[in-house]
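Using the sequences plus the hints, can you model the full thing?
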Amino acid sequence: MTFKRTFASTLALATGLAGGALADEGKLDIVFINDGHVAPYHVAWLSGFEDAIEAYDDAFEDIEITGRWLSAEGSLEKMIQQTEVTINEKPDVMFVNAINVDAFEPLVAKAQEAGITWIAVHSPMESADYSFTLGDVANGTNQGMAMCALSGGEAYKVAVMLGQAGNPSGEARREGIMKGIASCDNVEVVAEQPADWDTVKAQSIAENWMTQYPDLDAISGVTDAYMYPSIAIATNSGKDLEFFGYDGDIPILQQMQDGPVKADILLSGTREGWNFVQMAYRIHKGETPDKVYDFFTPLVMSEENHKLALANGFPEDVQVYYVDQALDVAAKGYLEFGPDSVK
Amino acid sequence: MTTATATTPSRPGFKLDSLTQRYLFLILLIVIASVGFGIANENFYSLANIGILLRSIAVPFLLSMGMTFIMLTGGIDLSVGSNVAFSGGVGVVALTATGSAPIGFAAAVAAGMAIGAINGVFIGRLRLSAFMVTLATYALARGMALVIYNADSINVSDAAFLWLGGVSWGNMPVVIPFVALVFVALSVLLYKSTFGRDVYAAGSNINTAFVLGRRPERTLVWVYVLSGALAGLSAIITVGRVSSGQPWAGLYLEFDAITAVILGGTSLFGGRGRLLGTILGVLLYGIIINGLVLTGTNPYLQSLIKGMILLGVVLLDTLVQRRNAQ
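So the protein lines, in turn, are chains A and B. Mapping to our numbering: the first sequence position 289 is 289, numbers consecutive. Mapping to our numbering: the second sequence position 7 is 7, numbers consecutive.
Everything labelled a hint here was simulated from the structure, so no lab data went into it. C-beta: ideal position from N, C-alpha, C; glycine also. Warning: the hint list may mix true and false statements.
Quick list of the computed label-pair ranges, beta carbon to beta carbon [stated by the list, open to error]:
id: 1; chain 1: B; residue 1: Ala151; chain 2: A; residue 2: Glu188; range: 46 to 52 Å
id: 2; chain 1: B; residue 1: Gly307; chain 2: A; residue 2: Val292; range: 38 to 44 Å
id: 3; chain 1: A; residue 1: Ala109; chain 2: B; residue 2: Gly307; range: 34 to 40 Å
id: 4; chain 1: B; residue 1: Val35; chain 2: A; residue 2: Gln319; range: 53 to 59 Å
id: 5; chain 1: B; residue 1: Leu126; chain 2: A; residue 2: Ala109; range: 46 to 52 Å
id: 6; chain 1: A; residue 1: Ala109; chain 2: B; residue 2: Lys15; range: 51 to 57 Å
id: 7; chain 1: B; residue 1: Phe25; chain 2: A; residue 2: Glu113; range: 38 to 44 Å
id: 8; chain 1: B; residue 1: Leu24; chain 2: A; residue 2: Ser127; range: 46 to 52 Å
id: 9; chain 1: A; residue 1: Lys239; chain 2: B; residue 2: Gly307; range: 54 to 60 Å
id: 10; chain 1: B; residue 1: Thr98; chain 2: A; residue 2: Asp240; range: 54 to 60 Å
id: 11; chain 1: B; residue 1: Ala97; chain 2: A; residue 2: Val292; range: 32 to 38 Å
id: 12; chain 1: B; residue 1: Phe25; chain 2: A; residue 2: Ser341; range: 34 to 40 Å
Subject to a maximum C-alpha distance of 30 Å in a straight line, what follows is the list of computed DSSO-like cross-link-like pairs (lysine-lysine) [said to hold, decoys possible]:
id: 13; chain 1: A; residue 1: Lys90; chain 2: B; residue 2: Lys15
id: 14; chain 1: A; residue 1: Lys307; chain 2: A; residue 2: Lys291
id: 15; chain 1: A; residue 1: Lys239; chain 2: A; residue 2: Lys201
id: 16; chain 1: B; residue 1: Lys192; chain 2: A; residue 2: Lys201
id: 17; chain 1: A; residue 1: Lys332; chain 2: A; residue 2: Lys343
id: 18; chain 1: A; residue 1: Lys110; chain 2: A; residue 2: Lys27
The following block contains the structure:
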């Protein structure tokens, strides 16, 4: 029985492989392998990706669009295994948010041999077909410059919460923030500490900082995940701190209207998930996006703060979304990247 | 006066011990999982996928072997995952500095053994809690790995160094026969040597082992050193698999190893268990992970399924043991 089933499966597999050798124009299978799935940004990201798959599949009847996402839960070995298994499944497009890009170089070649389009997410890879990047240094610089412009020229002490040591995206964001802060003399970085993208670690770091630096003015973070505990601790302890975020999480954007959050970078997981599917669809239709595709990520401020920042010398050419507009596109990824955007 | 006691002669019957029952149950689960995943996705039985599956369990298998020795003594080693990163870093740096793959191999294994020796001395000689000591070396080894690598990866192109983890004969990764050899060697060590008997003795009752002159404190040191050596070997395989040294390699592997050993029937309290059970535990765990990916199971559900399987097996084991005790 088992032998028969195995034999039948093998036969079916061989037939499938033979058929799969020819590109199937009527199907588009997309896999997104991510390093995690529990951070608020990840949840929004994966949900945007799932919604976009469904919307594109409904909108284009000539093509069956399928997709799935996998989470490595922070483990390099798990991500390698998931990638190997996925390559063997031969989807059309793979988005891989690699924990470390060097570790995935051998697998890029294998994927390309199998006819799969490999899109490196966030950390660019020379060998990948495309890299989907965030312009982290430029975004970080904008956050740092916003801090300078909104600090009003007074002495201003800020602590910066970093990503995981060695993570390219986190390092680039830090580089940008420091570059932006260096554009003025009054902002002093009193502490820097990696929180490993972990909300719980961020909580204890924020608590320590608020005790250690009683005259702290602001906390800057390379992800909005750090903002949730930091804002809560400051509020509960009666501290009047300002916050500069990075991600465009909706709950954090909502705290920009008369709240303690002064600036944020509008990535928005939902938008990014939708952009993935739009990009895969365009590639499938024969378009060739830039090899390094920069996701559009404007700075977000309230209108009042933007005017104040401009008055204090903030560059006019930095594209800023006001909070309402940012909330709108963050919640509705289809506005920018839905099926209508490619029709 | 004599008293005649009438006893009903017990019928000699075929009765399996609890560990054998556990192994049969694990084999049943492996068959069910394989058939189920094979039906859900025919690619499950492809040679390429079997190769991927075997390669993916090679490192957990080695770490679980070491963990079995440790858990047989009633201990635990939370540092093995971090040790994979640390010993890999030492091996890669030694390789880069000398250009010699054998020196790189030796450095990786020696570094792994060094962490194991620290664990062993603190636990065996100073009688500190295994949980606390290895929790400390878990952080220590990861920290040293980050320092060695400067938190960034190091590319490795030396073909000899990459051979074990990176090369396949067709769909068969070369690491599989290597792991099989390690298993045979460890089986001989555990079942056919005085050291193996000392391991069981230390786990069954450390005070009795001490009184009997089996020097359990020395045995404890050596089981942690052995676990460290296997972490070093795992590091070499990991570097070969990804063609680079990675400071975040091995993250959470200690939990996979502990899970596999518990699935395999080794007692958390020591003195009971076999390497065969660990093999089955690793294989079942690997098949489940592989199958869940292949079937596109939602990752939110994956953790739930893995937890339920572990809980179910442990619960069943407890019930079987209680029934046998009655």
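Hint by hint, here is what the structure shows:
no.: 1; hint: B/Ala151 <-> A/Glu188: 46 to 52 Å; result: violated, 25 Å
no.: 2; hint: B/Gly307 <-> A/Val292: 38 to 44 Å; result: holds, 40 Å
no.: 3; hint: A/Ala109 <-> B/Gly307: 34 to 40 Å; result: holds, 36 Å
no.: 4; hint: B/Val35 <-> A/Gln319: 53 to 59 Å; result: holds, 56 Å
no.: 5; hint: B/Leu126 <-> A/Ala109: 46 to 52 Å; result: holds, 50 Å
no.: 6; hint: A/Ala109 <-> B/Lys15: 51 to 57 Å; result: holds, 55 Å
no.: 7; hint: B/Phe25 <-> A/Glu113: 38 to 44 Å; result: holds, 41 Å
no.: 8; hint: B/Leu24 <-> A/Ser127: 46 to 52 Å; result: holds, 47 Å
no.: 9; hint: A/Lys239 <-> B/Gly307: 54 to 60 Å; result: violated, 39 Å
no.: 10; hint: B/Thr98 <-> A/Asp240: 54 to 60 Å; result: holds, 57 Å
no.: 11; hint: B/Ala97 <-> A/Val292: 32 to 38 Å; result: holds, 35 Å
no.: 12; hint: B/Phe25 <-> A/Ser341: 34 to 40 Å; result: violated, 54 Å
no.: 13; hint: A/Lys90 <-> B/Lys15; result: violated, 49 Å
no.: 14; hint: A/Lys307 <-> A/Lys291; result: violated, 36 Å
no.: 15; hint: A/Lys239 <-> A/Lys201; result: holds, 20 Å
no.: 16; hint: B/Lys192 <-> A/Lys201; result: violated, 47 Å
no.: 17; hint: A/Lys332 <-> A/Lys343; result: holds, 18 Å
no.: 18; hint: A/Lys110 <-> A/Lys27; result: holds, 21 Å
Checked against the numbered hints above, the structure violates hints 1, 9, 12, 13, 14 and 16; every other hint is satisfied.
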